[in-house]
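Novice: Here's the letter readout for the chains.
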Amino acid sequence: MRVCKAVITAASPNQNTLPLQRLVDGHGDEKTALQLIIEETLSAGIEEIAVVIRPGDEANYRHAAGSAISGVTFIAQDQPLGYADALLRAEPFVGDDAFLHLVGDHLYLSSINKTCASQLVEMACRHECPVSAVQSTREHRLPYFGIVGGTSVPQHDGLYEVRRVVEKPTPTYAEQQLITPGLRSGHYLGYFGMHVLTRTVLDALHEVVADESLERPSLSDAAAKLPARGRYLAHQLHGRRYNIGVQYGTLIAQLAIGLSGRDREMLLAELVELLASREPDRGLISNEDELIPGAML
Amino acid sequence: MSLVASTSPLLQTITSVDPKIRNRSLESLCAGLSAEQLIDQANELDQFRRTADNLYERVRALFFLASIYRYQLPTCLTDHALGSIPFDGYDHLLNRRFHESIDSFLSVQQRDGISDALSSALARAYHELGFQTLADQVRHSVRTVRGNQWMFRLGHAGEHPLRIHPVLRKPDQATGRFPILRETTAVRMDVSHSAWSDIFFLGMDYPEGARVLNVSVDLGVRGRDQQVKPPIETYLRVIDQPIVRLVSVDLEAVTEISTVAEMFDFGRDYLGLLKAAVIAAGVVPPGLEGCGSGIAELLETVVGRGKGLELVSKINDIPKGSRLAVSTNLLGSLISNLMRATGQIQSLTGRLDESDRRLVAARAILGEWIGGSGGGWQDSGGVWPGIKLICGQPAGPDDPEYGISRGRLMPDHHVMDADEITPQTRAKLQASLVLVHGGMAQNVGPILEMVTEHYLLRGEVQTEARTEAMSIYDDVVKALRDGDIKRLGRLTTRNFEGPLQTIIPWATNRFTDRLIDASRNQYGDQFWGFWMLGGMAGGGMGFIFDPDVKSEAQCWLGEKLVEIKREMETSLPFAMDPVVYDFEINNDGSVAKLLTGTELRMPLKYRALLLPEWLRKPIRELSPQIRLDMSAIADDSEQPSGQADAATLLRRLLPTSESKTREPSASDLHGVLRANGFDVTEHEQIRADLRSGRVGLAANRLPRDIRIVDVESRHVFDARDGFGLAAEQLGQDAIAGGRVGVVTLAAGVGSRWTQGAGVCKALHPFHKFAGRHRSFLEIHLAKNRRVAHQYETPIPHVVTTSWMTDEAIAAALHRTGRYGHDGPIYRSNGRSVGLRLIPMVRDLQFMWEEMPEQTLDEQQQKMRASGRAAIADWARSAGEANDYVDNLPAQCVHPVGHWYEFPNMLRNGTLASMIDAQPTLQTLMLHNIDTLGANIDPGYLGHHLASGAALSFEVIPRRLEDRGGGLALVAGRPRLVEGLAMPNERIEFGLKFYNSMTTWIEIDDVLRAFGLCRDDLRDSVKVDEAVRTMANRLPTYITLKEVKKRWGHAQEDVFPVAQFEKLWGDMTILEDIESRFIVAPMRRGQQLKEPAQLDGWHRDGGSAYVDALCQWND
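Chains A and B, in that order, are what the protein sequence lines are. The first sequence begins at 1 in the numbering used here and counts up one residue at a time. The second sequence begins at 298 in the numbering used here and counts up one residue at a time.
One should not assume that every hint holds.
Sample of chain A residues facing chain B (criterion: CB under 10 Å; computed from the structure) [what the hints assert, rightly or not]:
(1) 141
(2) 172
(3) 173
(4) 176
Hint data in this document are derived by calculation from the structure and do not stem from the laboratory. The beta-carbon is built from N, C-alpha and C at its ideal position, and this holds for glycine as well.
The shape of chain A in the complex, shown without the other chains (with noise of 0.2 Å):
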């Protein structure tokens, strides 16, 4: 199996913007988000990407994508009738090819030499199946995700075969079906945004999208489909992912990518700054002492 196309979903009617936001990368540059998740996905070897967008988003887009334009295409999806549908659109693009998946409110940052796009990639290729990057997240972060649960492939750490994919499910459900053994009471394989997908996918979710019993069908009303039609496995990649569409998630996401790069020692200064002059009872800042941005101690 080869895995040569991309499709990033950014078609959300409430998070369309979300890729066009600026961050700073490791080195220092200046970047939109959607230039760190084309990067991450070129890294992979990907050739061609597709971006799957609201009608009239475009240009902004086309924008945002800078330098890494030309092997990307973008497709519309006229309705915004759910994750599932968004996937479908890209269809015609990747045909029966397998394809990576990311989703356009998630960047990723490796905890190693590889990309996490290159690790998933590579996990695909050797065990010619589709692959959903998962990352073990606690109960209480249920309502985000969608999750699975499964048992782990001997002699292959941090991988997975799934058995059960739900979306956002409620603890009560986890407990009892989801239960993964290996991972810490009360976590479970949460979706990572990241899948490397088949076309026995596509045809799932061309059956999830015709239930008329299901409203905005999710990738994982597909996914669930998926363990009895054949392999289908979870990784547990060395990273981790952030979610810039959740409060705060653009912050967090740049200081996770800042303090893994070049400017980590400055920004740890800041933040000690910060810490230090906050005031006990107000959480505000002391008018004594300024901040200036990328003035060191």
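Please arrange chain B on chain A, whose structure you already have, making use of the hints.
Specialist: Same frame as chain A, now just chain B:
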């Protein structure tokens, strides 16, 4: 372990997998063993229980130990060794440090040898540890059920993982108000009973034997409700305030919760069950207890910023104690509603599927534990539809119980379909069964403990009965499958009259027996059978009739229930008038519906409850949603269909005339006080003293510097060694000469016996002798009769009464033909009553903090603490030391202590009449109503006469449960010291003898001490003066007694109220009256203070002992 087990038959019995060995009874294994051999066996068991890792083996060893020390060993102790109980061990016991307590008692046993006292202490400690171990295991299992665990891990409100369903968060388009999720749920009735096999402990040890047939039913109260419907309705909606509002329309209680801590405060209002549901449903998970957060933070995460939840319960006024598991199914309904709303149950509306029902049942068990109550595992059956078999299941490798107990916590439910039980059979059942609530609402907790203990000990008779009950279960299921309701009736009757009463004789009572007899007499063969619901009879019950007469029988039974209740309400604790239900089998279980548009409204009683409160506030202070609610009420009232509701609401808002709300008024009470010698001056003095602190619980105590030590052998005569022939002869001559009479103290209402229910304890028919329930009074007369007939001499019998008991006792004596007693009976009516007072918070604190009490299980202790805070608030708000008048007059007045009973006989002329009728009368034996072993024994009488004492008090060797003072040497003089007067706890534990209250009174000597002689008894002025003078020489104690206040539908609140007393034992402090003390055996002096003692009393031969003293005359 097997090596150890092979050496001891007791250990073999506990550890064997062979049922034949495993089910051997303790009695058979201990038969013929000496005290030394029993102690050896006990030591081995104790070693075993310390190391055994199997829960049930450990528990069984503990119950074996408790039983050996309670029942086997005391009968083998031939000498009269008077051991004392180490106070440290007792202190550990009270504080639930059971292991330390046992070690303390055992070390004394090692050092000083075993004694009856020590044996009683060890029995209690092992017993408590056994139940604690079982409760811990159930708690552990409840917590570890998958789906429940996360709730104990959540520690911060902001990390809450649940979200309210989006549909509920979106205001209804038509009305602008948030939609309401309504859940309706059935209640359950238990057809087969199966000998309480649904107790968790039993199901977890013996899953094969834990089987019930359980039917979900809809109800209506006959004559009140127009239709039969699911009795439970719960309503949930989002509100526009960041609070949780809980409303019980039946209890007319509303609370608004704004902190997490309040949600865990169960005792502060009547909404504990709703709080337990919110917690068990995970909305405020148990892990958050003590987190210190406001509820708004939690609600922001779960519901949205500025939003809250409102939860409303309604049980259609089904009275408490219906034995239909109303509270558990209400809990289930609330939990189901909340779990649907938070997505934990997949379907927001409609019926539940099997996995959802199991989840709800598991959470209901959790909720019951959190709320400090407990039921059986079948109780949430109303959540399931129709008729189902519920069976215990062996624990498998995937279950948390695996390797710990044989069975799982959660049973399996099999809903029987139309092929198994046809629709015709279901219709026939409905056409035959009359469901009633007899009006009694009793605590079944002690019964369930007794059942558990019997099961673990495998008493031979009880085990046989359990086997029979299991075979009856099979027959019941078959009878229903065959559609044979008549046979079903025979089986349920056989079950009730056979195995159930063999295992627990107290499952029935005189009221129930009379109802069954009356039904048999009235309908003969057309009365097909009786059916006990739940833990005990007297509340919810079923009567099965031939369908041809069912309708008529239903009316007849309704009247008969009330008639018999009227006759017995002074002797049995009824909480309400009986009712007859209409019922139908419910085939849906628990069902939810989303109310929107024109259906969007809370029940009428909710509106009636909240509307007056809303109207009291300025409109600007009401939230927008409440304003919308109010305008919706206005809109509804304009509709023709809303006229009746509008009238109800209006009635609620306007004052109602007094004649329609006939509550006991203050004028009734004042009439009672005037007519019964209430002394206003004394009352005001006591109130002033109480407020100033001159009297009170702390002031009851003797000064600390007075030396109080145990008596020596020279201070007592030990009657356990027998009396000399001379004394016996002297006594016999006195009896034969008509020189002795009996005084039975029956003025009290037995606060502990019925927990303040205010019935006449003397008339309570508590135990079957010679095939019929007998009351205390009947038993005392039967003892008198036996001696009188033996000596062919009438023995006058005085029954002292008070305003609370006199009429009831007179009526009972009249109705029963004086219980067939042929000797003279005198009623000595009390001449004074006191008026109870609201307690001082100081005294409440003293009672809770300074006086010894048993620490309860963790959750119950929290309930107690919370309840106490509410009681202290009540005392403050009602006014400390104000008159307690907010209850029936009988519950507001009190007898003024048993010291007055003898003086009353002087004042009311009873003694004079007795002497007139029998001038030879010389001695009286005075005894408490609950001292069942006391009788006219010639040895005691002869000894008393020979000693020349004015008063001879019978004392008994102290056992652990004998608390409340004793015989002591005070400043060198032997006297009785009341428990109230003990300067500290430790002193009491140094006293070997406990006062039985049985007193031999030399009439002339005591009259002399009063400054009277026989001729003065007709001079009321002189007598009154003498009594007043004597009373002034004796101390007055302040005590706190519990009284019940009944309200609503069989609801009861218990309040501690203050009263004053003078006590008879204090006669021993008077130096001019010669008091002597006789040590009597335990059986003779044992007192029955609480119904929970009955089982032990019956099993240890106490009832047989009493029976042998009586002559029944039916």
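Novice: Does each hint hold? Answer for all of them.
Specialist: Hint-by-hint comparison with the structure:
no.	hint	in the structure
1	141	holds, 8 Å
2	172	holds, 4 Å
3	173	holds, 7 Å
4	176	holds, 5 Å
Checked against the numbered hints given earlier, the structure satisfies every one of them.
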